[in-house]
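Student: Next come the chains, spelled out residue by residue.
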Amino acid sequence: MNAPVASPYTLPAAETKAMRHIVSILLENEPGALSRVAGLFSARGYNIESLTVAPTEDGSLSRMTIVTTGSDDVLEQITKQLNKLIEVVKLVDLSEAPHIERELMLIKVRATGKDREEMKRMADIFRGRILDVTETTYTIELTGTGSKLDAFIEALDKAAILETVRTGASGIARGERVLKV
Amino acid sequence: MDRATKLVAPEISGAEILIRCLEAEGVEYVFGYPGGAVLFIYDELFKQDKVKHVLVRHEQGAAHAADAYSRASDKVGVCLVTSGPGVTNALTGIATAYMDSIPMVVITGQVPTHAIGQDAFQEVDAVGVTRPCVKHNFLVKDVRDLALTIKKAFHIARSGRPGPVVVDVPKDVTGARCRFEYPDAVVMRSYNPTVKGHPGQIKKAAQLLLEAKRPMVYTGGGVILSDAAAQLTKLVKLLGFPCTNTLMGLGGYPATDAQHLGMLGMHGTYQANMAMQHCDVLLAVGARFDDRVIGNPAHFGSVPRRIVHVDIDPSSISKRVKVDVPIVGNVREVLDELLKLLDGQAGKLDQRALKAWWTQIEQWRSKDCLRYDRASAIIKPQFVIEKLYEVTGGDAIVASDVGQHQMWAAQFYKFDRPRRWINSGGLGTMGFGLPAAMGAQFAHPGATVACVTGEASFMMCMQELSTCKQYRLPIKIVNLNNRYMGMVRQWQQFFHGNRYSQSYMDALPDFVKLAESFGHVGVRVEKPADVEPALREAFGRRQDLVFLDFLTDQSENVYPMVPGGKGISEMILAEEL
Ligand SMILES: Cc1ncc(C[n+]2csc(CCOP(=O)(O)OP(=O)(O)O)c2C)c(N)n1
Numbered sequence: 001m002n003a004p005v006a007s008p009y010t011l012p013a014a015e016t017k018a019m020r021h022i023v024s025i026l027l028e029n030e031p032g033a034l035s036r037v038a039g040l041f042s043a044r045g046y047n048i049e050s051l052t053v054a055p056t057e058d059g060s061l062s063r064m065t066i067v068t069t070g071s072d073d074v075l076e077q078i079t080k081q082l083n084k085l086i087e088v089v090k091l092v093d094l095s096e097a098p099h100i101e102r103e104l105m106l107i108k109v110r111a112t113g114k115d116r117e118e119m120k121r122m123a124d125i126f127r128g129r130i131l132d133v134t135e136t137t138y139t140i141e142l143t144g145t146g147s148k149l150d151a152f153i154e155a156l157d158k159a160a161i162l163e164t165v166r167t168g169a170s171g172i173a174r175g176e177r178v179l180k181v
Numbered sequence: 001m002d003r004a005t006k007l008v009a010p011e012i013s014g015a016e017i018l019i020r021c022l023e024a025e026g027v028e029y030v031f032g033y034p035g036g037a038v039l040f041i042y043d044e045l046f047k048q049d050k051v052k053h054v055l056v057r058h059e060q061g062a063a064h065a066a067d068a069y070s071r072a073s074d075k076v077g078v079c080l081v082t083s084g085p086g087v088t089n090a091l092t093g094i095a096t097a098y099m100d101s102i103p104m105v106v107i108t109g110q111v112p113t114h115a116i117g118q119d120a121f122q123e124v125d126a127v128g129v130t131r132p133c134v135k136h137n138f139l140v141k142d143v144r145d146l147a148l149t150i151k152k153a154f155h156i157a158r159s160g161r162p163g164p165v166v167v168d169v170p171k172d173v174t175g176a177r178c179r180f181e182y183p184d185a186v187v188m189r190s191y192n193p194t195v196k197g198h199p200g201q202i203k204k205a206a207q208l209l210l211e212a213k214r215p216m217v218y219t220g221g222g223v224i225l226s227d228a229a230a231q232l233t234k235l236v237k238l239l240g241f242p243c244t245n246t247l248m249g250l251g252g253y254p255a256t257d258a259q260h261l262g263m264l265g266m267h268g269t270y271q272a273n274m275a276m277q278h279c280d281v282l283l284a285v286g287a288r289f290d291d292r293v294i295g296n297p298a299h300f301g302s303v304p305r306r307i308v309h310v311d312i313d314p315s316s317i318s319k320r321v322k323v324d325v326p327i328v329g330n331v332r333e334v335l336d337e338l339l340k341l342l343d344g345q346a347g348k349l350d351q352r353a354l355k356a357w358w359t360q361i362e363q364w365r366s367k368d369c370l371r372y373d374r375a376s377a378i379i380k381p382q383f384v385i386e387k388l389y390e391v392t393g394g395d396a397i398v399a400s401d402v403g404q405h406q407m408w409a410a411q412f413y414k415f416d417r418p419r420r421w422i423n424s425g426g427l428g429t430m431g432f433g434l435p436a437a438m439g440a441q442f443a444h445p446g447a448t449v450a451c452v453t454g455e456a457s458f459m460m461c462m463q464e465l466s467t468c469k470q471y472r473l474p475i476k477i478v479n480l481n482n483r484y485m486g487m488v489r490q491w492q493q494f495f496h497g498n499r500y501s502q503s504y505m506d507a508l509p510d511f512v513k514l515a516e517s518f519g520h521v522g523v524r525v526e527k528p529a530d531v532e533p534a535l536r537e538a539f540g541r542r543q544d545l546v547f548l549d550f551l552t553d554q555s556e557n558v559y560p561m562v563p564g565g566k567g568i569s570e571m572i573l574a575e576e577l
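Residue numbers (the numbering used here), protein chains in the order written: chain Y, 1 to 181; chain E, 1 to 577.
Among the clues, some could well be false.
Claimed, not checked - In silico BS3-like cross-links for lysine-lysine, where the CA-CA straight-line distance does not exceed 27 Å:
no.	chain 1	residue 1	chain 2	residue 2
1	E	Lys75	E	Lys469
2	E	Lys355	Y	Lys90
3	E	Lys141	Y	Lys84
4	Y	Lys17	E	Lys152
5	Y	Lys90	E	Lys566
6	E	Lys355	E	Lys234
7	Y	Lys80	E	Lys50
8	E	Lys234	Y	Lys80
9	E	Lys152	Y	Lys180
Please keep in mind that the hints were generated in silico from the structure rather than gathered at the bench.
Please take these sequences and the hints and turn them into a complete structure.
Tutor: Given below as structure tokens:
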């Protein structure tokens, strides 16, 4: 059988090694700015692992944190394309230097019988806080890096997890470096 | 405006503010089409005569005409359409301008603010649907923001890497009133494109150019857009290097000059593509190494060469090809700086190496890759373009549609000056030609404007013949009628086993009668001997639009051709088939 003819339209994809990056963006706090960033990622086929955004102490600016994976070439394009967006004021790839990353998770777990005590113990080990208690459930707040939150989920019995909600990572540089206008 | 006048300045409507803003921007023509959401604006247009409105027959035509007006003149093109279908019809034209970085401001009507989101009559999320194909867009929700937004729109459209900007204006905003003051300047903390190139990088580039043994200069639309043709020509002459232009860059360097190797890329000349592949130092100016230009980047990268890349857009640099000396900045300013550094330095060039390189290039050139059968009894499309070039003295503005005819026009019409070649390179939009010719004619009322088209492309915007009649535009339409979607047929011949699936144009209109029915002159030309006389006669008619329907060879193909995914030196040449 003949091998399928490669489409004359396709270009061979470059071989690249994908890495995780955390990109922090200061952008004008304007309607539509978020959809422009999200649209850029989908239109150009970049990957978004998580995206968080909220206004800063200066209400005219928002701070966005995007966790993405890509090779160095792709990351270079992502930062250049983001910088091209009219509303983007500044951005930095936090993963290029020491930085702090935190994510918040709220998790509702079944807490009955002998599991109730075990749940409490697990929350303590991971420095979680129990925010809400019913006769059969705990709602726990946990903050940390993504992998710490993953580890917590791993440590629990799957059947005990009723619901989880995670914010996605926020990040800030270590030391005196700041991202500011 | 001083304080006192400001205080007494009367409140005027958003619609009037809009027109006053356009006036302040020096806008001469607005290409548009009315509808419910823009009626206040049309009413204001009616009341004044500074900003002239050109009524097209389809909003796609309005966008293309505004776009080409800009391409031909370097001003910002302006287009005005109504909400809903007005916007969606204009979308193709907006995307066309975006892909070729054309400065354009598109004002779109919108349903009243209170109706937004209600699925109101003729509501479409204009900001949403245009977002991926504009440089930026705005929704104006308060009449007090209107003037500043228009100011920003023009500023963004024309600065940095230019592009279209959409301003969506709800109907109630055009009816609301406030005092008008047009800002003199606009400051945006988030938008400050780099203009000046880095001096250290420019120095490195100059050094590299002087060391070159097999240099090549490759330039694109950026040279045209930044009006840098004079600087480029001076630089290339000073260095004695070979130069090639992309499809978008034609006219950036005089095509009749011996140092010009013709266009490069998928349908570029043998000598341009070979020199591009085998050079040791490449100066890329206002070009972006796109897939139709360098083919397979891996193949291109397989030969070591050092690359200097000058571009206004940082994201164009090292996107498809790694470069050694990136220079972000306005092409004209960077070339000016380079010229300063290289002035009087030509003595340092390795003349012996350059001579050997030129010998090699001339050998490539001697292949005469654009050769075609001049003795043919059927009209060859290339022949028509050659004659068009002769008859117009190489001095016409040529607007083109998309297909084989576009490539032949690019190959055979030698553009010596910028802004004479108007075509949709990035998006490749069929239907662009005729409205583009209109826009160019409005920009240059006295100029000779030709529209090179194919029967399939022409039928995508032929309603604009009516606009041409209304405004007496004496455009000469050169229809290379091969009864095929020729470019599609060519690909099907090469890559799909001669299966001409849906590429034959059956049931074509009688173009002569069609032109006549719109009040124009139509001529059919069937024999090679009649080509030149017909062109002479047509271009002699200074007042009339003449539609020349040339019945051309159905089986002619565009050569050379680099198949998609191949390297640029892997060309199919005419004699190989
Ligand atoms: C709007 C649009 N639809 C489809 C295409 C795909 N396409 C590219 S060239 C071409 C054929 C053009 O035929 P014609 O205008 O007759 O020109 P020719 O190639 O025969 O010179 C087509 C269909 C396109 N470029 N634009």
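Student: The structure should be examined with respect to each hint, and the outcome stated for every one.
Tutor: Cross-check of the supplied hints:
For the hint pairing Lys75 of chain E with Lys469 of chain E, the CA-to-CA distance comes to about 25 Å; that is within 27 Å, so the pair holds. A threshold of 27 Å between alpha carbons decides the hint, and for Lys355 of chain E with Lys90 of chain Y the separation of about 49 Å lies outside it, so the pair is violated. For the hint pairing Lys141 of chain E with Lys84 of chain Y, the CA-to-CA distance comes to about 25 Å; that is within 27 Å, so the pair holds. As the CA atoms of Lys17 of chain Y and Lys152 of chain E are separated by approximately 40 Å, the hinted pair breaks the 27 Å bound.
Pair hint Lys90 of chain Y plus Lys566 of chain E does not hold up; C-alpha atoms about 39 Å apart against a cutoff of 27 Å. Annotation: proposed proximity of Lys355 of chain E to Lys234 of chain E holds, straight-line Cα distance about 20 Å (limit 27 Å). Of the pairs offered as hints, the one joining Lys80 of chain Y and Lys50 of chain E is violated, with about 41 Å between alpha carbons and a cut-off of 27 Å exceeded. Distance hint between Lys234 of chain E and Lys80 of chain Y is unfulfilled; the C-alpha atoms sit about 32 Å from each other, more than 27 Å.
Annotation: proposed proximity of Lys152 of chain E to Lys180 of chain Y holds, straight-line Cα distance about 24 Å (limit 27 Å).
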